[in-house]
Amino acid sequence: MADSMLSKFDYSGVSDVCYADANQESYKKAAEFLGDTVEDWGCGTGWSKRHFKNYKGIDGSPSKLVAEKDIVDLVNYTSSVDNILMRQVLELNIEWRQILENVKKSFKKKFFLVVFTPFVEKTIIGGTEPIVTADGLVQKDIINLIYFNKQDILDYFPESEYKIREETIKTGQGYGEEWILYVERI
Numbered sequence: 001m002a003d004s005m006l007s008k009f010d011y012s013g014v015s016d017v018c019y020a021d022a023n024q025e026s027y028k029k030a031a032e033f034l035g036d037t038v039e040d041w042g043c044g045t046g047w048s049k050r051h052f053k054n055y056k057g058i059d060g061s062p063s064k065l066v067a068e069k070d071i072v073d074l075v076n077y078t079s080s081v082d083n084i085l086m087r088q089v090l091e092l093n094i095e096w097r098q099i100l101e102n103v104k105k106s107f108k109k110k111f112f113l114v115v116f117t118p119f120v121e122k123t124i125i126g127g128t129e130p131i132v133t134a135d136g137l138v139q140k141d142i143i144n145l146i147y148f149n150k151q152d153i154l155d156y157f158p159e160s161e162y163k164i165r166e167e168t169i170k171t172g173q174g175y176g177e178e179w180i181l182y183v184e185r186i
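Numbering-wise (full-length UniProt numbering), the sequence shown opens with residue 1 and increments by one.
By construction, these hints were calculated from the structure, which means they are not laboratory data. This structure is a prediction, so every number in the text was calculated from the model and none was measured. Possibly wrong hints are sitting among the right ones.
Simulated pairs of lysine-lysine, DSS-like, Cα-Cα distance not exceeding 25 Å [as the list claims (entries may be wrong)]: (1) Lys-170 with Lys-69; (2) Lys-105 with Lys-29; (3) Lys-69 with Lys-29; (4) Lys-108 with Lys-53; (5) Lys-108 with Lys-28; (6) Lys-28 with Lys-122; (7) Lys-122 with Lys-150; (8) Lys-150 with Lys-104; (9) Lys-104 with Lys-53; (10) Lys-53 with Lys-109; (11) Lys-64 with Lys-109; (12) Lys-122 with Lys-49; (13) Lys-29 with Lys-53; (14) Lys-122 with Lys-170; (15) Lys-64 with Lys-53; (16) Lys-108 with Lys-150; (17) Lys-105 with Lys-170; (18) Lys-122 with Lys-108; (19) Lys-122 with Lys-69; (20) Lys-53 with Lys-150; (21) Lys-109 with Lys-69; (22) Lys-29 with Lys-122; (23) Lys-49 with Lys-28; (24) Lys-122 with Lys-56; (25) Lys-53 with Lys-28; (26) Lys-56 with Lys-108; (27) Lys-64 with Lys-28; (28) Lys-150 with Lys-170; (29) Lys-53 with Lys-69; (30) Lys-29 with Lys-163.
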């Protein structure tokens, strides 16, 4: 089992920070899709709170927004909520498969996933081997991000149980784009 993500980030002295580009497109799309109510898994400083009326932030590290009882390791966390937002979180967690299993156990209506690392032929942990992106670029990653084969994520949401839609949008951060997966229970 991999190291826990508990307390991996230090948000002390940070009120709320947007780690996205200025247009915040994926936040807006999340709000449009999920509606007013969301549980934000890996909320960080809670920037997305401004887009929802009924918001609960869950994170592995303390911040001004996250109540002590809501500091959790997503590998061991489940809930029972209508909608879950997970933006730029899965690619930081080596135990991503278990987290997706927990998401499936937890959401009753909709799940909105945003991944910022480029897709690769075989899901790998960066920093352990070279990253070859779909366009043939070879990169080295020193942060140990997860680079996914997209199908590895899609396989968690079979069309017999879920209605899914995907979209890629341009951003001003990271690798220049985000992949969005819209998931609804049938």
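Item to complete: Check each numbered hint from earlier against the structure, then list the numbers of those it violates in ascending order.
Response: Violated hints: 1, 3, 6, 11, 12, 17, 18, 19, 20, 22, 24; rest satisfied.
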